[in-house]
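Using the hints, put the two standalone chains together into the complex.
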Amino acid sequence: MTLLEFMPFIVLIPLIASGIVALLPGRNLPWLVTLLAATASAVIAAVVLPAAISEPALSYPFGNWPPPFGIEYRVDAANAFVALLVSGMAAITLLWAPKSVASEIHGRLGTFYALFLLALAGLLGITLTGDAFNVFVFLEISSLATYTLIAYGKDRRALLAAFRYLIMGTVGATFLLIGIAFLYMVTGTLNMADLAERLPELRDNNAVRAALAFIIVGMGLKLALLPLHLWLPNAYAYAPNFVTVFLAGTATKVALYVMLRFIFTVFSPDYSFVVLPLSTVLMVLAVAGMFAGSWVAMFQIHLKRMLAYSSIAQVGYMVLGVSLATATGLTAAFLHLFNHALIKTALFMAIGCVMYRTGSAKLDDLRGLGRQMPWTLTAFALAGLSIIGVPTTAGFISKWYLVLASIEAGAWWLVVLVLITSLMAVYYIWRVIEAAWFSERPAGAAPVPEAPLALLVPTWLVVALNFYFGLDTRLTVGASMAAADALLGSGAGLP
Amino acid sequence: MTWLPQLSPFTIVLIPMVGALAIALTAGSTRAGFAISWLTSAAFLVSVWGLAGPVVSGEVVEQAVWELLPGMAIAFSIEPLGMLFALLAATLWILATPYAIGYMTHGGYSSLARFFACYAIALGAAAGIAFADNLLTMFVFYEILSVSTYPLVAHDGTGKAKRGARTYLALLLLTSIGFWLPAMIWTWAATGSMTFTSGGIMAGQVDPAVGAILLILFMFGTGKAALMPFHRWLPAAMVAPTPVSALLHAVAVVKAGVFVVLKLAIYIFGLDYLKTLWSTDFVLYVATFTMLVASLIAMHQDNLKARLAYSTVSQLSYIVIGAMLATQLAAIGGGMHMLMHGFGKITLFFCAGAIYLASKKTRVSELDGLGRRMPITMAAFFIGAMCVIGLPPTGGLWSKWHLVSGAYDSGYALVLAAYLLSTLLNIAYLLPPVLRAFLKPLPAGESAGIKEAPWLCVIPLSLTALGTLVLFFLAQSGFELMAGIFSGVNG
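Protein sequences appear in the order of chains A and B. According to my numbering, the first sequence holds residues 1 to 495 in order. According to my numbering, the second sequence holds residues 496 to 986 in order.
Same shape as in the complex, but just chain B (with noise of 0.2 Å):
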């Protein structure tokens, strides 16, 4: 892709942050809004696809922006896994932004410049992240995600919106500034050095009994990943459209969170020092516990969002188990995951949304016989189902694939079993809503004619539901991308 512009990293961020600005700005036009938002998410899209493949061919792309004390810094550079998350938000960005359109114009919203120009920073906040040289730089970044996303769980600006809304700003920030940024002080006052190096930075500098505490801080501070007990933000912020709920809250927030926790792992602490800490094998137990409860949660969430919200929680703990595993195949697996699940989660939410707008439906049990009405989206709805699950032919079977291949080489046993009863879990929560939606009659009194949700909604989430399937054949390149982490192409 060399035909594609290179911007430099600090470029890329600031594209959707100017374009925030230009739609705040057209605060009065509402069409002015939804063009911005449309030459924003492209020229973002573009721009992060210039860079893939100079990282694909093994260029460092690196970027000091500005010194604040010697040695730390505001810094970018681009290492394989960064450039994944980026790639999956840009491209899903393109793609939400016509079913934010719909969702937003069709469901009566107001407010929408607002809500456009959050929706961008956020995912200017979820570039910054990804190509993050530094602790530091990456904490600013998530910070931000943490601040801009806060508008739109309380757009509704009902009490419970807001109290969802308070919910979720206040466990984000109480976990980041309440470890996070303890873990990363001290962390810069033992090493010297923020900087994310491959092989990590911990290894000889940090005594062990040390670095399992700040393994412990710098997890449970990533909020974002979502593991118990922290994780009730997630279910919180469902009061929120469902194109937030979407792109943010199933791919942008939550991918950040293990995106945090995988770089942490590789190039902070480092595969083979995470092995020598006590506290890896604890929080690799609190994510397994934290998978297999939130499975059971879901399960009797009736309410849509909520289900899904929960097996969000319980997809994380999957990455999260991937990074503690501490073995190569699996953090690879984990990075895939973030990948895989970005894609069917969104294509899930998605589905929800158009439900909900096409009949206004939000329970699980006033699904009977949905599949007749809205055969698109239900089919869609099957086919992520299938790849949150990991099934094939969809690209979550590789993913999981690789995470339990990774469980089985390193010889977790008990890991290995709750993956497996996850999996199962998984098909008990997301497929009663399909087989419901196909198999049982529609309710008396509902006329069989097909109601789609508008178009604008109904494209995105075809097309998501067939990234999908053609992940299933690109998995591999996937793969060898993120290879090149460990074999020092790359970083």
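Bound conformation, chain A alone (with noise of 0.2 Å):
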């Protein structure tokens, strides 16, 4: 019995642990189980990964109940990818944790560690599964444990942000509650691949049509795609930073992929892109969303606020490949994904830092700060070079990728637009680098000590990443072509 075929312990893992991570008492257990569990995840979804990528889809019948009756798990290289994301970067920040949790949240952590293994659960589960109604039960799940984690922020706006992402959150899974529903009613079917085979016989039935917009705009609601967004930046501003780092990394990431895994494999891209004008829509928004979230950025004073409106542009960059519907774009937008979880973990985890010691992410609080706290901010300048896109980081791979898609689709003008948000990125990160590095202190601001160093070691590591996958892009790259082609099987073509 190889690690293979532990493949649904992914998701099951967490699942238990959560479970008995709840019960544990103190503030270390908790923690060091948790770390544990995401690793052992981590793990097997490094070794199921390659699997994925040389093999057709593995496929785990639940109770041994055969698809399309019982619940099936069916990994290819498009979740499988996601999947190690999701679990790595869940190792990654849990292991600059535990000073910044012990400096937000007081008393046993059993119960936080135990809801962010939920939440971590139903974002694999989301990932791995093949079954589209497990897909609402997942999500669900991860929402509700999401929801409760944002509301442990020290500040009492993240009640009121919470609250404002579960009422949209609710919202968005309810649509696709919908779309499901909808499926469900004209195939009697809700195995993914059982319903591909069965909807090309009903191109022209409403309901179809319906889910299909149902799916989407509940998937842009939990994905933050403009103007579905509102709800991230204040979410993401108020929850604790631990909190923050992991849901900037992973959750809208998984909710692209399940938006994808509709769009591409359940209806096909030859339906999804003719019977809406997905191709355009999907354009529109995702210009607007790069330009609207830069734009924004620019001029927020409180930087995890700035990150999170960052975000919304990434987000849009992601679209703007899927929209390309080709192979490159899609190679993009996975990529971008990817890179984007790597360079906005190292980013929110620097302001994390500086957050430890001075307890405040404004703008004029930084002034003068990078000659006390030189590795925190020179490792936020580092990540900034990522997310504007710098040649030898990550965040290089993945725009080149992006425009090379937009210059074979003939679009000359999204490399323009590209090219210019880049540059608004370039004005926000310098923002704060030239307030750090070329700004006196404020008068009678305490002296700060450099972060200690269980932040700064795992912070720096996310760093090193941005750069190895910028200058190794074996992984990503081969990764990302396998996961746009498992979506558009094996190549196919195209309209």
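It cannot be assumed that every hint is accurate.
As the list claims (entries may be wrong) - No more than 27 Å apart at the CA atoms, straight line, and that leaves these computed lysine-lysine pairs for BS3-like:
#1 K362(A) x K99(A)
#2 K154(A) x K99(A)
#3 K935(B) x K856(B)
#4 K657(B) x K362(A)
#5 K655(B) x K855(B)
#6 K770(B) x K362(A)
Since the hints were derived computationally from the structure, they do not count as laboratory data.
Structure (structure tokens):
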């Protein structure tokens, strides 16, 4: 029996562990068990990915009920890649967690980490399952856990942010459920592969069209695609830093994956892009998100909000890749999905380090901090290079593919737009650097020591990954291409 | 020079980078920082000259460092033009090191570790540009050069310095990311190559209509070449301490700009293909316009450094014109002017800084009679000015000679006339400071005793002035080195 056969345990380990962690006393033990669980998931996901790339989809029938009757876990390159990202980022952010959580959350941590594991298990479940209704179930598991996690924030505004997210997230999930219900109504099946086989006969069915629209809007909400992004800035800004770091790298990515899975696998692109003006709609929304997100980020004085708006812009890049509906475009989307997780995690970690020492994420309180916390702010600057897309960083690789995809599609103006928004990123990153190094510390500000190693080491680890994946692109580009192929059905023709 | 060590290009690029790291770590000890600066610039000089031998003899020095994506790599290869640029930067760096040490200590500046570390990084980046084998590598180092010089421009930390530095960085990044980067990607998409190749990579691959647009994107994207209207960063950078203006904004940064222009013209577009593009003439006339207008502006600058800055803008356009004339002679002339103007202009800036240190004077109108108090400095200024104007017995004569002959050969009468007119303008704005210093009496109340700047500053400026004279006799070997570009021996 190899590790490969433990594939379902990627989801089951965090799910089961959450029950155990909830009962554990104290503060360190729950963290340790959580870390072990997330690491175990990540290790299995790392073993599964190469297999999923080289072989056709791996399938696991739950309770030995053969699909399409039972629930099936179905893993190909696309979701194996996302699963590795989610579980890997969970493990890395957990390394960063203890100090940061200690400064923000008091009392025993069993519940907190149990919720975290639930959120993680939910995200991984959404990723791996081959059953449409199961997607909804896991989506609710992860969402409910996430709302609670956000509400843990020290700032009282975290409650409002969590409530807002709850409302909008529930609307999104309901849309998804309605969409799935329509599909079930006309086909009588919930298995995605089975749906994909049956839907072509129902091309002209209005319920199917409505289902597609509902699912895309529902996932657009979870993805924070403009104009459905309103929940995101406050949720990210006021959640505990550790939660923000984790969500920024994973939650929206999984939502994008679900959207892609439905558009490409369940409905197939020659349906999705034909019955709805999906290409145009997604492209317009993506570009609007890129600009609006970057524009607002340029004027934020709260740095976590700034990064949150930047995330909205980055979601725009990913969706832009999707909207081109080509293999290169999808590759770019998957690349940026992965790379942006690394970039944004590093940036939020650096800001988390600053908050750990100064208790503030305001731009003004960062003035002159470059000399007092050089390692933290250098990490921020380097991760900033990656979000701008400077060569030798991961961000460059994803932008390169995005631009290449635009050129291949003959959309020159998209190249221009991507570059303009990159320049906007230069501006909002530069503001921070200028404040940190070229401004004087405000009079009366207490001297601040450098962040503790427990925070710095994981932060720099993610920064190093940003450069590693900017230089060694075999894993990311290879997996992204395989993921795009898997979604397109091994390079099938596109409209 | 076979007795010198021959290091790989990437190692040479890393020498200043490692030196910068070491300097940054000595933040507490100024003396140790100076020692490492000396050591780094000396090691850099030796290693760059060590490569000169093989390159002159026609050997191909290549090194692939890392492949990012298939066909897209960080790689180096050295051809004569890049060798010349690297030699220029390395030679002037070792002269600028004592000057910078003298200037910064006597001027009472702080944060010296940051200053010298960034100084070294900038030189490493210049070497990276010089040795780059493809557009991507060049772009990476081009951006490192922009960013690493920002702290140097903003060094004073005053509001004015920060505003200047912001203009500086904003314009350089805007042009490079806004124009250069898309042009690079477009080139890659159209030709499937980014490697500098003899004769260019575009001929037969890219439609001239597209090539013309690419040329415009590339030329204006090379903000460091200071074509109008993207020249404002150079005067803005003059808020920097003078050693920065001298080595970086008269040599490393701006020469990197025109080097990129020459390199693009020769190795990406190819001179023959360049002739077929309509936009070549357009860029040519923009450069001509820049050359004349910048000269006219320079005449009206009373601030000495601002005058020199606009003079640089004007002289850079000489070289851009040389590239756009698309003849071998003019391109070689452009390459030589890179060298000659480098020596001449660094001398002038060294002098401006020395004058400021010794007498706190920054304006041309304050220079009356200064030749009596600072005879060495003002004599060096005179020689530097002659070199920039292109008068014998300085090396400037030869580079302008080839540029003008190139214009004559290619039949651009208007450009020929502009060259001659601009030379007259050069005389009109560079000689008045000299004439004031030597012919006018000192203002009342100033003693006539000799008061030169510290010797750490005077010796370098004397040496660079001497260098312009030596180049008058050595110009032929520079010409032969670059003639190798077209004879097929190299590259």
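Let me make sure I understand: some of the numbered hints might not hold for this structure. Which ones are they, in numerical order? 6
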